[in-house]
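**Q** So the chains spell out like this:
2 protein chains.
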Amino acid sequence: MSSTFSFQCLACCSQTKARVGVFSTPHGIVETPRFMPVGTLANVKTLTPAQLKETGAQMVLSNTYHLHLQPGEKIVAGGGGLHKFMGWNGPMLTDSGGFQVFSLSEMRKITEDGVIFRSPHDGQIINLTPERSIEIQNTLGADVIMAFDECPPYPATRQEVQAATARTYRWLQRCIAAHQRSDQALFGIVQGGVYLDLRSQAAVALAELDLPGYAIGGVSVGEPPELIASIVQATAPLLPPDKPRYLMGVGTYREMAIAIASGVDLFDCVIPTRWARHGTAMVKGDRWNLKNAKFREDFTPLDETCACYTCQNFTRAYISHLVRSQEILAYTLLSIHNISELIRFTQKIREAILGDRFTKEFAHWLTPGEMG
Amino acid sequence: MSSTFSFQCLACCSQTKARVGVFSTPHGIVETPRFMPVGTLANVKTLTPAQLKETGAQMVLSNTYHLHLQPGEKIVAGGGGLHKFMGWNGPMLTDSGGFQVFSLSEMRKITEDGVIFRSPHDGQIINLTPERSIEIQNTLGADVIMAFDECPPYPATRQEVQAATARTYRWLQRCIAAHQRSDQALFGIVQGGVYLDLRSQAAVALAELDLPGYAIGGVSVGEPPELIASIVQATAPLLPPDKPRYLMGVGTYREMAIAIASGVDLFDCVIPTRWARHGTAMVKGDRWNLKNAKFREDFTPLDETCACYTCQNFTRAYISHLVRSQEILAYTLLSIHNISELIRFTQKIREAILGDRFTKEFAHWLTPGEMG
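Same order as they appear, the protein sequences are chains A and B.
Taking UniProt numbering, I'd label the letters of the first sequence as residues 1 to 372.
Taking UniProt numbering, I'd label the letters of the second sequence as residues 1 to 372.
These aren't lab readings, by the way, just hints derived from the structure by calculation.
As the structure is a computational prediction, the values presented were derived from the model and not from experiment.
Using N, Cα and C, we set each Cβ at its ideal position, and we do this for glycine too.
Among the clues, some could well be false.
Claimed, not checked - Below, a list of computed lysine-lysine pairs in the DSS-like style, where the Cα atoms sit at most 27 Å apart:
| hint | chain 1 | residue 1 | chain 2 | residue 2 |
| --- | --- | --- | --- | --- |
| 1 | A | K53 | B | K74 |
| 2 | A | K53 | B | K53 |
| 3 | B | K84 | B | K53 |
Unchecked claim - Distance ranges between label pairs, derived from CB positions:
| hint | chain 1 | residue 1 | chain 2 | residue 2 | range |
| --- | --- | --- | --- | --- | --- |
| 4 | B | D183 | A | G285 | 41 to 49 Å |
| 5 | B | P120 | A | E106 | 38 to 46 Å |
| 6 | A | K53 | B | G28 | 51 to 59 Å |
| 7 | A | R170 | B | K53 | 17 to 25 Å |
| 8 | A | S119 | B | D183 | 53 to 61 Å |
| 9 | A | T300 | B | N313 | 29 to 37 Å |
The following block holds chain A by itself, in its conformation from the complex (with noise of 0.2 Å):
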């Protein structure tokens, strides 16, 4: 690893494999066990940068497919690198197009070399291979860039997945070959499906590469929340001890408990601001819909324990208004909730592990159930 990157492991659970660490990256440092807020298009949606600060968050995600296909990766460096462009001064990380292409693009063609797509802001064709993804993203300049790989659907056969999962590791060897810059750290990214062997083979092979640090991708695609669980449990313990985890796509309560336990340090989910914009607000591990009339006249705050701007400024009531108005306020101000409320949850759970309260705090969350 650069000497500009680190992590540091404070402590750790007496009854899991839970942690608590500070990874450094030259955006400055970052808490984990911590909830990443999702800024696709170089903003999180709604929230000015001030806001999103607001929030706790302190490493904040783009996306390379969508910023490669609007504005591009040149009008970004031209405005100074993705931190500087868009205003937010704190650690970012930038996944690598694959999800993305795999999951959003129309004619795709994958083949040993990458992928090729369509797309759909002018119909070009685009050949995004795992040297391409790497140069878009040294280009945009985040702090954290992430391997290109290939993430099969769920469900997919056994043999599938393995062809997949061998492929990611060979385009995995030319990320590593093309990166070209010491101040980005290139995590590169599990994958397996849910054959739990083919996770841990996986996990022991990018292990041995002495990465700056991993990350478990293609979960959350569709399978049953209680095969997340397995496959963490079958991954994270086999990854380097001192380097940060990642698991990807992940925001649900229970999910990044269940991960925290099994000593994931970082999380990422569009849902707490894709919600917001739905009307919806995450209050202690539950979903409200602002727009039920039990909330017109509430004159309460969404969580009176909750110390956001949202919380400490406004009530149920005037939330619901906003959305039955179809205010964007009302989004700007779910969105400033909701994702302060996941990063408090990792927050005190970080606290917890400190303590060494963690199994005992969050038993209702660390037991199979509802994904929440």
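Guided by the hints, dock chain B onto chain A, whose structure is given.
**A** Only chain B this time, still in chain A's reference frame:
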């Protein structure tokens, strides 16, 4: 005027009727001349109160017609009144609903009693009278409330306008009789269409009622902009010099400058937020469509002399990217800038009047020309 309200004139222009004042309300002062942002549904679209405060906003408007339909004034009162409900602790003003009933609602029927119309929300028949408008505004709780008036369309015959102006005066007397709260100032509205003698007569008649403030209504309803200047010039000087004067619905540079030269103190307009939602920035008297290709790689702020959050933190290229991507944050950043821009325009005029440089520094805006 209740002792809760006062208007102090601090300075007058030596060459025009322009003046600098301080309007005191139960929720703070308004330094005049000043542009007031519009928060139709108990929020200035896309902005939190914290962001609104940063624009320099002092007094904020909200619309009785809209709030009566959603969430209803009783819910606003249940939330502690308009200020507390929406989290704005500064001065507030509600209009009477008259203008919206005349311009927006369907199936309206005007009688001496008031206006009957069909609610666009639930089809219910609503009867809005001077008494009812004041009752709703008393319940909402803004610092300044407006008389319920009949706003004739443009064009309208002299006879039609004369009838509407006479009715507006009778309705004003009913509003005064109905008004219940000494912590709210009721402003009268001068109507009279484009007929300058009707305007003058109405202004003189209203002035005799010794109200805490006066508005000029029924302008910017489709008439040529040069007529706005004539109307204001024929009206404003006849209103009591020791009371604030408010030109309703006007927020363009030239029309504000010319009105200030006639002694107007306050302005409101939805243009800055509406244009923001169309991706348009107001810069130095001009309007820019941020989708224009020339902004794609323009890494300078909208206005390098502007101190607003948007100009201090983001480039034209970034905002252009957000507008192209239809990201809500674009509308927030443009609303912040556009409102800051109009408020600063009136602040600069204020400073110029204080230094008696108004006609010299604002000569460009004081001569007839394109509406802007």
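**Q** The structure should be examined with respect to each hint, and the outcome stated for every one.
**A** Status of each hint after checking the structure:
Taking the CA atoms of K53/A and K74/B, the gap is near 36 Å; set against the 27 Å cutoff, the hint is violated. A hinted pair counts as satisfied when its Cα atoms are at most 27 Å apart, and K53/A with K53/B qualifies at roughly 19 Å. About 15 Å separates the Cα atoms of K84/B and K53/B, which keeps this hinted pair within 27 Å; it holds. Remark: the range hint 41 to 49 Å for D183/B to G285/A is upheld by a beta-carbon distance near 43 Å.
Taken as a hint, the range 38 to 46 Å holds for the pair P120/B and E106/A, whose Cβ atoms sit roughly 40 Å apart. For the pair K53/A and G28/B, the supplied restraint of 51 to 59 Å is violated, since their beta-carbon distance comes to about 28 Å. In this structure, R170/A and K53/B break the distance hint of 17 to 25 Å, their C-beta atoms being roughly 55 Å apart. In this structure the supplied range 53 to 61 Å holds for S119/A paired with D183/B, their Cβ-Cβ distance being about 60 Å.
Evaluation of the 29 to 37 Å hint for T300/A and N313/B yields a pass: the beta carbon distance comes to about 34 Å.
Hint compliance for this structure: hints 1, 6, 7 are broken, all remaining hints hold.
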